[in-house]
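A.B. asks: Fit chains E and A to the known structure of chain B by using the hints.
Residue numbers (numbering that gives the first Met the number 0), protein chains in the order written: chain B, 0 to 334; chain E, 0 to 275; chain A, 0 to 289.
Keep in mind that the hints were calculated from the coordinates and are not lab data.
Predicted, not measured: the structure shown is a model, and the values here were computed from it.
With beta-carbon atoms standing in for the labels, derived distance ranges:
(1) E:P190 / B:E259: 47 to 57 angstroms
(2) A:D191 / B:S20: 54 to 64 angstroms
(3) E:I193 / B:D107: 26 to 36 angstroms
(4) B:V108 / E:A197: 28 to 38 angstroms
(5) A:Y201 / B:H280: 41 to 51 angstroms
We put the CB at the ideal spot given by N, CA and C, even for glycine.
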Amino acid sequence: MGRIQLKGVRKAFGEVIIIPSIDLDIGDGEFVVFVGPSGCGKSTLLRLIAGLEDVTGGHIEIDGVDMTNVPPAKRGLSMVFQSYALYPHMSVRNNIAFGLKMAGQAPDVIKQKVEKAAATLNLSSYLDRKPRQLSGGQRQRVAIGRAIVREPKAFLFDEPLSNLDAALRVQMRIEVTRLQKQLGTTAIYVTHDQVEAMTMADKIVVLNGGKIEQYGSPLQLYEKPANLFVAGFIGSPKMNFVTGELARQQGAATIGVRPEHLKIERDGTGGWQGTIAVAEHLGSDTFLYVDAGPLGMLTARYIGELSLHAGDHVSLVPEPARIHRFDESGNALRG
Amino acid sequence: MARAHSVQRKTATTVACWLVGLVIFFPILWMAITSFKTELEAVNIPPSFLAFDWTIENYEIVQERSNYLRFVGNSILLAVGSTLVGLLFAIPAAWAMAFAPGKRTKDLLLWMLSTKMMPPVGALIPIYLLFRDFGLLDSRGGLIAVLFLLNLPILIWMLFTYFKEIPGEILEAARMDGATLWREIVYVLTPMAIPGIASTVLLNIILAWNEAFWTLNLTTSDAAPLTVFIASYSSPEGLFWAKLSAASTLAIAPILVLGWFSQKQLVRGLTFGAVK
Amino acid sequence: MATRQTRLLAHAATAPSTLVLFLWMIVPLAMTIWFSLLRYSLLDPGNESFIGLLNYEYFLTDPAFFTAMFNTLKLVGGVLLISVVGGTLLALLLDQPFWGRGIVRLMVIAPFFVMPTVSALIWKNLLMHPVQGLFAWIASIFGLQPIDWFAEAPLTAIVLIVAWQWLPFATLILLTAIQSLDEEQKEAAEMDGTPPLPFFFYIVLPHLARPITVVILIETIFLLNVFAEILVTTGGGPGNLTTNIPFLVYAQALLQFDVGGASAGGIVAVVLANIVAFFLVRMIGRNLEA
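In isolation and in its complexed conformation, chain B is listed as follows (with noise of 0.2 angstroms):
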């Protein structure tokens, strides 16, 4: 009931394309997360499944039905802005209210789902006040209420958390996602941190330059990059890349290695040689940074406190079975 399929969808601005062709099959219930640098198209993509923009050529189906030239009004899907985009003059109540003022239902049937949907959502003691008068949390709140009162196909989230502060955006990620679960419907969530989507995501589309790099699950995009630029993109700190004769060793242009994969020796003579540049210590972890000469500068991760500091030597093992082989035009080699 919120199968949504994308046909060889394009949009071009003018002469600048955005998006060539692109093609996606979204499943009914799915919690599929954008995500993908600035300027990838990702919101674009977004737009044009919510009908705000025109497909300069391709097809957009929702439950099998062609919506490529149905108005967003009638497409039966909501969408959560960034900058949450409440009605400033009307009531939390009014702005919950107003798509089924819309679609014509009865006052006490409106009156009755708005309560729901507040009460899911902690928002039944402001439902008189007007969003000038609530914090940053409460109006992104009213939002996702707006969006949920209509019983939609599908939810469409365009960065929502983006104008949080960090611990909020945390609290309101693990509440988004309680949500969408406990109402089974399908969401498409536009971000561009990473961490949001692997956190949330039950399928994870990353998007290059209008293209889709990868489709998969976050743990297969974690384990299994399609490619450098994925392989780059998922996990943080960023994948350790290393060219040259120590990639070609291993039979690929280039070799990749995430940094929680390092055995780090002090003084060791194994493996990766280098100096400590920079040593971040947070308690649950340690993040090196290590100018490795040659190899350029790596990061490595440990788990734990690891008393080790600026200037001092390590050396860097890599674990075999968690070594990424990626051929000249970037893509991963397997087996």
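C.D. replies: Here is chains E and A on its own, set in the frame of chain B:
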């Protein structure tokens, strides 16, 4: 600046500013004072500022003139009427330019503003002749049309700037919520734009009320607004200063009040946004 | 943000305004150009004949035209000088902290909202009248001869009246501009120990350069068309001493009934205005992008 300035300096500045303000305001003040004098008192030398017998006879005389109310009515009708007609054209146009701009939108807007820069004398003769031939001279309808055309560019421009300040995402949210274009405008856009529309209306009424080229050339009596009425005092009979003052005070008082509220709009509207 | 749907609607929404303004521009202009090529007098209707550019020749060689041109320039120049210099000084003054700002602002802004006919008559009669006017009385207190403004210096009188009306406009614009001067810039200058005069010349004035230009351009557009004040005080006289281009055109058309000649004059006025408008539109255009 959040630091304390010496009280001395503030006092000196206060005196200077009040002096300047009073000097500039003085003609209006003097006119208002004169309106309460008798005609003989008004031309008396040396003039008295406060110590005279205040009377409201001039206001009574002016208002008793049977056609005075007609002039007032015309001013109101022309100012409000041309503004309302203007809004009918300007709101959709400004909406389109602000929310659905095309490649040419900016040029179109600039061109519209440039029509306001055309010297009225360039159009005086044809308009006068056309009006004469179609029986529009001294007609309220004809003048409303002219004032409407005169101020349409400013209406569109100001509404455009106010609409632009409305976040587009809120209108998109309305669309996602199932609102058709009409409902989007009625339920979301207009309520949010009301302060901007009110400001624009205010400024437009002021500009139309004070318009003194077309009103002077295209009307004589039936459709003549207050600008013409006051102009008739330029060749009067007998003593008239006190009456002129009373009539003038009545003519400008409402606009001074409106003007006080519309200072910001003035900057926005008449500099065409070239000064922020 | 616009889809195909909304774009079509957008065209439909702007079309009426565009059409109406287009007609308002083109029709009178075209007719004026046409008339300017005819010998057309309202005293002798039905006997128009095509005479090409003769009207322009007559108009541009008529000594009245030169007088009107000079008067226009003097009027515009005089008012600009008073309003811009005065406006800048006033804006600087009013930007300072003092008590009763709201009221003083109201007093300074007020003249702009007074209708031109009222301004003109109040100044002419209550203030400038050589016998019973206030200025005459003030002059007599100082033992000076009162000036008969409209006989001795009619154009100056008009300049004063119009400048009084436009000074508030310049002040308001420049005050707004001064107040938009970044607070942090002011504080940086203070940290650098900048004394007031250099502060004014190196920081405030450059910041004001753009708004001053805007004020000059906009005022010029409107000042080229001063009419009511002249009509109501001097009727263009004595002689041609206070006739400017708009008044000359008006006089020729509606007083001498020479439609042909007046139309040529009207076109001359349009050309002049277009020159100023060109620069102003460019400035606004640049700002629209910003």
